Amino acid sequence: MQSAQIIWRNRRTMKLIRNTFVLAAGLIVMGVTGPHAAAAQDLEPAQLLHPSKDSWPTYHGDYSGRRHSSLTQIRPDNVQNLGLAWAFQTNQPADIKSSPLLVDGILYFTVPDNIWAVDARSGHEIWHFNHPTTEGEHIGHRGVAMYKGWLFFTTPDAHLISLNAKDGTVRWDKTIADVKKGYWSTMAPLVVRNHVIVGVGGDLDNLPGLLRSFDPDTGETQWQWFATPPAGTPHTTTGGMTWITGTYDPELNLIYWGTGNPTPVLNGDARPGDNEWTCSIVAINPDTGKLAWGFSASPHDTHDWDAVEVPVLVDGTFHGQPKKMLMQASRNGYFFVLDRTNGKSLLTAPYGPTNWASGIDKQGRPIPNPDKEPKPDGRFIAPDEGGLTNYRSPSFDPRTGLFIVDSHPSYSLYFTKPADGDYGWAGADYGLWGKGVLVAIDYQTGKIRWSHELGPGGSGAGVLTTDSGLTFSGDGEGNIIAFDTSNGKTLWHAGTGAGMQTSPITYELDGRQYVVSGSGGVLFAWVLPRSYAAHSSTTSTNAH
Amino acid sequence: MRLLLKLKMFPGTAVAAAAAGLLCGCVFLIPMRAVLAARAGQSASAAAPAVSAGAAVYDRDCSICHGKNREGIPSVIPPLTGLAHHMTDNQIAQLIHDGNKTMPPVPTVTKDELPALLAFLHTEPAAPAASEVPVTLDARRGLELSPEAAAGGALFQQNCAFCHGRDAMGGETGPDLTRSKLVLGDKDGSQIAKMVRQGKTDGNKKMPAFNFSAPEIAGLVAFIHARIEAANSMKGGRRGVDVSDLQTGNVELGKKYFNGAGGCAKCHSPTGDLAGIASRLEGLQLEERMLYPENAKSTVTVTLPSGKKISGTLAYRDEFTIGLKDSHGVYRSWTTDSVKYTIDSPVEAHVELFSRYTDDDIHNLMAYIQTLH
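So the sequences go chain by chain: A and B. The working numbering numbers the first residue of the first sequence as 1 and each following residue consecutively. The working numbering numbers the first residue of the second sequence as 545 and each following residue consecutively.
Honestly, the hints are just simulated from the structure, not real lab data. From a predicted model like this one, the values you see are computed outputs, not experimental measurements. Yeah, the Cβ is synthetic: ideal placement off N, Cα and C, and Gly gets one too. A few of these clues could be false.
Claimed, not checked - Here chain A is said to cover these stretches of chain B; the calculated rule only asks that three of the stretch's residues, wherever they fall, bring their Cβ under 8 angstroms from a Cβ of chain A: (1) 659-668; (2) 694-705; (3) 709-720; (4) 795-804; (5) 811-821; (6) 825-835; (7) 862-873.
What the hints assert, rightly or not - Here are the simulated BS3-like cross-link-like pairs (lysine-lysine), alpha carbons at most 25 angstroms apart as the crow flies: (8) Lys749/B to Lys372/A; (9) Lys612/B to Lys375/A; (10) Lys841/B to Lys435/A.
So here's chain B without its partners, still in its complex pose:
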């Protein structure tokens, strides 16, 4: 009877959950099967008010951690508001039963109570969770944020602001997120979520991984998108690096440097590899790429004790291990004391220029590169 109400409210979710249950019911644990069986059997029965019963279960077993209004504790306990946007009923039920590495199983929720609890979790709290969020600097500075973005903002201030700035427009070490190619190209938040969860461990620009819940990441994404809107509304007085800021060089001098002192023409050609580069990249991204292309590939040739040579793309290198991906995409590695190897890394020519550049050289070269449409 409870299930009919559920199906009316969230038909897609419940049907999908039931279908998933049929497909892989064998892996579900007993309470989950019981829930699905109950659904199948009772779906035609009359409705009953499950939500208040679910609220009672929530108060008894969940509120001690997730809070009276499902607000959680920022960065410690995830809020449960909007949970249905991020998890299926199956996933929620399984989490309650099994727990995960940060949440214990909650065996006190019985199989009979579970549907009511799920129904309750599909409702929104009477008092908005955002009211529990501490007043942030954004609020003090008059930026209006949705409850989700405000919750994300609080998390952002604790965990992201040091590097990316309080306003997400860049700070110590971290780039301006309101101009980030990854952020601007990320309509559904999935790229931001991936970066937050996985971090970036290679190269010069590192970022730690964060173990945030889906609702927390959704809040961060909402906050970052709000900051993009705020930044874009700062017309004229726009902070950060604009394309127009990078137009102080001289094209002819840049071309001369490219072909002469810079030695760029030894590897690059305006009609070859660089043809159309200024149509693909602009502004700071183009200048950064010009000075040091971050993900340039190196090749390595390893000579085994037998004399056999194996070449491939350099995949790993430290003092003790050399790794490559061969032409079949297979990763292979050796200890450096057991083989000889040579690395061909054309990008190193960029590093050699660093100690020779003047700022004028860079601005002139940038002026020239920007003509390569």
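Next up, chain A with everything else stripped away, as it sits in the complex:
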């Protein structure tokens, strides 16, 4: 019943929906609210290279995936005064898990089957697209991508829909992968020049993960890349789903993507070897779809630890040498620093309790302990299947060199036996205990510089840092919290009534810095009082 309300707005609309069924639903609903559409929504691909401070034009905010902003109006010494600018109610039960885009003063965000366009100044709805699908997983949705005046939206039944950003009308609808085989899609596409790059989910079945690049205008497929050989290839794995938006290095012209677990999931006997390129970080040419290199974060995974967590791109020094780095805090409990020109390991270190690897090999990959694979009588495993972190974004703060991630120390039991077979899940696992801890990792050493407890169960909130020295994230009880990036101390908080399932974003409009977070079905925009905004602008001008 996620989306009945919008449909009910107009009974004539409903009749048309019934007649034309669901595909045209959003188009018609949008027709109702069309007159409110704003004047100019346009995003040239080149703007993604240097996002302006009044925009958040991609899932990660920029191509690097650092989720770090140069904005400094909200600071450690005034964040205590942060308050609510507005809250937007989706009025439906699905949790917001998406990261909004902000382009030309309009926020675009999603839950499965739904997109909202919301005025970033006032929080009022401009249009709402609803596209009820009856197939595929409705587990979550991460957001949209934008190219010129067009939005790109993935669906539970693994379609890519292009819409007019002005009014949410559908331009075209293409199939990414076959929902009947078990594919779905939840992810926000990545736009690189004239490529709309899209991934899929689908590890309830033995299927190869894939990336597909679409022409943003025609919707024609430009290339496909498969993470594994086709299903049924003897002695090989399937899997490697591609369900979190990758990052992009324009100089090297490579996109970086994390891939998910192999299938069958908990039974590794049917798929000997390292199972490349599942649970891996891969570098791919966005023009050709050709693999440049791959790094296996969890060789021969048997614990569902997708390595889809954001591959964060950082340019800096590593042990005194200038490096183009890629950093990932992976679900399997290890923090990786790679040289992103060639995929070679610079550092591998656990960032919380893990007990499944017997060591680190010469290539910097954890060595899976065969005795910690699931067994008929159970194996006691840290972390649990949700992992030491999951898909919500970490943040890299360049001023302190800290990689800050929401971690989930946890323990669980993993089982598999011959009767569980070799298809799909192929076993069972049970989480026993977990908690949330925000950890700040020194990327040069892998050591934890500070940590901040977030409560029993865990948080799952994403992380945002800003140049003023602030870190925004959430705890396990639904508080959004601002921390001092240098030491992890709490500076401000507000209860939001539900766990924060989003990664926060920030932007500046009309001289005011907004921080936007989502909890439950509500989007919140936080600002300083106008007097502070005026004061800090003056300060900022004087400083120049």
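Please build the complex by placing chain B on the supplied structure of chain A, with the hints as guidance.
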């Protein structure tokens, strides 16, 4: 005249509705009163074919959303088949008049048309609603499901399968529902319905709440029960964790660990709190409880600025607020910066063991605990 037919078909429902109307008629809105008054006045009159008139009203005002055959749109618009099993006529009439947060009022249904519409809604559609349900993997895999379970199955695949598995036998994060204590003990579906509607927000094992209609939940319950039957018929090759799978440990070594390295005996006694534990729990449930008892209580003592101390059961705790239930069951809370507090949480001893366990320790301890009948 229409009402006589109704009373013949569903005497219990109509009488109950009328009684409810008499008891609390004041809260009913005008059309509802009119319906009940019409019933009272006309119940002795001759019958007339209301169903076809009701069908016409349905086609005009309801079918645009709920579908020609009352099939709804899975997960978006509830089907209206079997509605009478879940709602009284009063409730249906009131919903049509008032709407709710997902359905608007339907003022075009007049008070004269309402009885016919209700009569129609008590009939079953000629074409089964299940024919509108997309072919599910269950159907493709040859599992035969009732129409209700098939409709529930379609909903399950979209909303539940990711965590609980396509076959409800466990998946990413979610437990095997065919072995779930809650599910197996839930004969009428009410426990499943409660869990689906309320979710589970506390502790490590969380589940989101879902806003499904009663017919949708009935479909889910039917599907889950069908999956239990299917799982139980997989004799020998039964998937999931069996009690027999958890018998690889050594009782003596487990007892030694209990009294020695594990430190269990510091808090627990085989003849005290654990006496008969293996008769109350078995298999995976016993092992999970052994490793971390999920709902163990903690106590908290709060010291107010005045020096006064208040103790109770820990009820809420985050970085900013501490809450307890005192001995009278009253909830009280304070901001953490205004008081001092200490928490006594014996269950934390289980967490301290996590980093020290070997798998053999766990299997041996399990072997020993299973002797405590």
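We went through each hint and held it up to the structure:
For the stretch 659-668 of chain B, the stated coverage by chain A is violated: 0 residues have a C-beta nearer than 8 angstroms to a C-beta of that chain, whereas at least 3 were required. For the stretch 694-705 of chain B, the stated coverage by chain A is satisfied: 5 residues place a CB nearer than 8 angstroms to a CB of that chain, which reaches the threshold of 3. With a threshold of 8 angstroms between beta carbons, the proposed coverage of the stretch 709-720 of chain B by chain A holds, since 9 of its residues qualify and at least three are required. A count of 0 residues in the stretch 795-804 of chain B with a Cβ less than 8 angstroms from any Cβ of chain A is obtained; the coverage claim is therefore unmet, three being the minimum.
Remark: the stretch 811-821 of chain B is not confirmed as covered by chain A, as 0 of its residues place a Cβ nearer than 8 angstroms to a Cβ of that chain, below the required three. With 4 residues having a beta carbon nearer than 8 angstroms to a beta carbon of chain A, the stretch 825-835 of chain B meets the requirement of three or more and the stated coverage holds. Only residues whose C-beta sits within less than 8 angstroms of a C-beta in chain A count toward coverage, and the stretch 862-873 of chain B has 3 of them, enough to reach three; the restraint holds. Annotation: proposed proximity of lysine 749/B to lysine 372/A holds, straight-line Cα distance about 23 angstroms (limit 25 angstroms).
Distance check on the hinted pair: lysine 612/B and lysine 375/A sit about 51 angstroms apart at the alpha-carbon level, beyond 25 angstroms; violated. Restraint check: the Cα-Cα separation between lysine 841/B and lysine 435/A comes to about 17 angstroms, which is no more than 25 angstroms; the hinted pair holds.
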